[in-house]
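Kindly generate the complete structure, drawing on both the sequences and the hints.
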Amino acid sequence: MAAAGARAAALALLVLVAALVHDWPRLVPLPLLALGGLYAVQLRVDAAPLDPAAAGVAAGLLVTAELAYWSLEEREGFHAEAGERLRRTARIAALGLAALLVAWGLLVLADAVRARGLALDLAGATAAAGVLLALALRARAR
Amino acid sequence: MRRVAGPRLEGYATVVATGLVAALALRRPELVALAAPFALLLAAGLRPAAAPRLEVSLTLAGERVVEGDALAATLGVRSDRALDRLELALALPAGIEVVDGAAALALRLRAGEERTFPITLTCRRWGVYDLGRVEVRARDPFRLLAWQGSVARRQRLRAYPRSETLRLLLPPRETQAFAGSEVARAKADGIEFADLRAYVPGDRVRSIHWRASARRGALVVGERHPERNTDVVLFVDSFADVRRGERSTLDDAVRATAALAASYLQRRDRVGLVTFGGVLRWLQPGLGLAQRYRLVETVLETGVEPTYTWRDVSVLPARILPPKALVLAITPLVDERFVAALADLRARRFDVAVLEVDPEPLVEPGPGELDRLAYRLWLLEREVLRFRLARLGIACARFGEGSPLATALEGVRTYRRHARLARA
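If you're matching them up, the sequences are chains C and X in order. Residue numbers for the first sequence follow my numbering, so the first one is 1 and each next one is one higher. Residue numbers for the second sequence follow my numbering, so the first one is 1 and each next one is one higher.
No wet-lab data here; the hints were simulated from the structure. Note that this is a predicted model, so its numbers are computed, not measured.
Beyond 12 Å from chain X on every Cβ pair, some chain C residues (computed):
no.	residue
1	Ala2
2	Ala3
3	Ala4
4	Gly5
5	Ala6
6	Arg7
7	Ala8
8	Ala9
9	Ala10
10	Leu11
11	Leu13
12	Leu14
13	Val17
14	Ala18
15	Val21
Here are the computed distance ranges between Cβ atoms for each label pair:
no.	chain 1	residue 1	chain 2	residue 2	range
16	X	Pro93	C	Ala2	52 to 60 Å
17	X	Asp371	C	Arg85	50 to 58 Å
18	X	Pro118	C	Leu67	30 to 38 Å
19	C	Arg85	X	Asp69	29 to 37 Å
20	X	Pro118	C	Ala3	54 to 62 Å
21	C	Trp70	X	Asp371	51 to 59 Å
22	C	Thr89	X	Pro367	50 to 58 Å
23	C	Arg87	X	Asp100	20 to 28 Å
Here chain C is said to cover these stretches of chain X; the calculated rule only asks that three of the stretch's residues, wherever they fall, bring their Cβ under 8 Å from a Cβ of chain C:
no.	region
24	11–21
25	38–51
26	97–111
The beta carbon of each residue, even a glycine, is placed where N, CA and C say it ideally should be.
In structure tokens:
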């Protein structure tokens, strides 16, 4: 199982490298989804009640995605001002930290409502569907 | 400016949708935690925003430049609102390069702030260039969406051909009536000594050659050659251009034309121009600095316009080719129509000389036996062509890679000197 996971992770890394080398931004989400999928499989296999490491995984995925897109933007060859790279690094670090906090807050919330019955589960599902719908409507409006 | 989605938007939306669906399917809140930061980023980045109003300008230090020289320019930008990342890319036409500074800039701009960036441009090739178009892209702080467009405030830049300095020019056989720098063959008031003859009543006393008169015991008058101007018509072949890499016969022809025009005009000669090809352009002979600029401006517009129609010199107005003018043809001698025009001009008793822009170094024989044979035949045909011109009394000399224009001019001068001796 671990060997299969390592192979899948290596493949995801290869896809990410290919996306960066060949300047294919559409490929960038694939390794993120693959890593997220691996994590989901591991959760399924372990059957742990709630994994607190999810916050770290979320932050890691976001930072990976931001760094990958930054790398692709750098290929465009724009001459940036002095201090731009430092500012950008700080911004990505802040985004990672924010992602960690948001994910951790969600996990705490999920842990709190876990034992309170089906009504809260339904409310959670409805909220998730609502977020998806709102995003879809917004994207269409543009 | 139009708003466009960046690759992040699509990618993050995919991650969020997949994460949430997987969380529902597997009933794992951890997957919602994975998708949540991406969803929040999308929500923050997709908030409505108006397009920024940008003022972008490219200011050139001059409108004219000699090819190869540097030209200072300033790129200025101002925005009505703060922009986290504004990308500016100068759309430069082929032949113009940035030698100092950046042609593509990314900067951060505060609301109302005006920024200027000095850059140095250089023109690799002569010509007329339209500058001033700048591609603009303003990204939002989360890089999800961007406003992009193009700002164009046209600035015309004329790059004059770099010409070599010519010490010796080709003198025409006949001079004109006005004062100039060319010693005429006629005898009149001048500086250069021509001959001695016996005094006749009416001769001015100051023209008496006292030393010769004392030797001969009778009054003798010294005759002189006057200094006159000449008319030169530069006859440029624009039927064909032989090009290989950076080198082109038309480029060399234009540079030679500019050099000849400048040198002749410096001697107070009248210089005219005819570019004979798909598009016929001409400039009546004139003199002075204004004529020099007119000539260069006309020659800058020269290009090869493909045409299959036969064209001869009868299409030229008579005033363009004044009598006794030296017609100096600058041609790679690859188009039959131009060669026929030269023969026609010679038949009309014009003084014609050919400066051949040598296309042979630009043409390589193919790899096959037949290709090499064709190449040798082509070289032989060119030799025959030169021989035909020589038989018509048209001097021809080559210039190009490794052979400067001055050498070709000297070659034509030598030919004409010997031809005159042979005739005598």
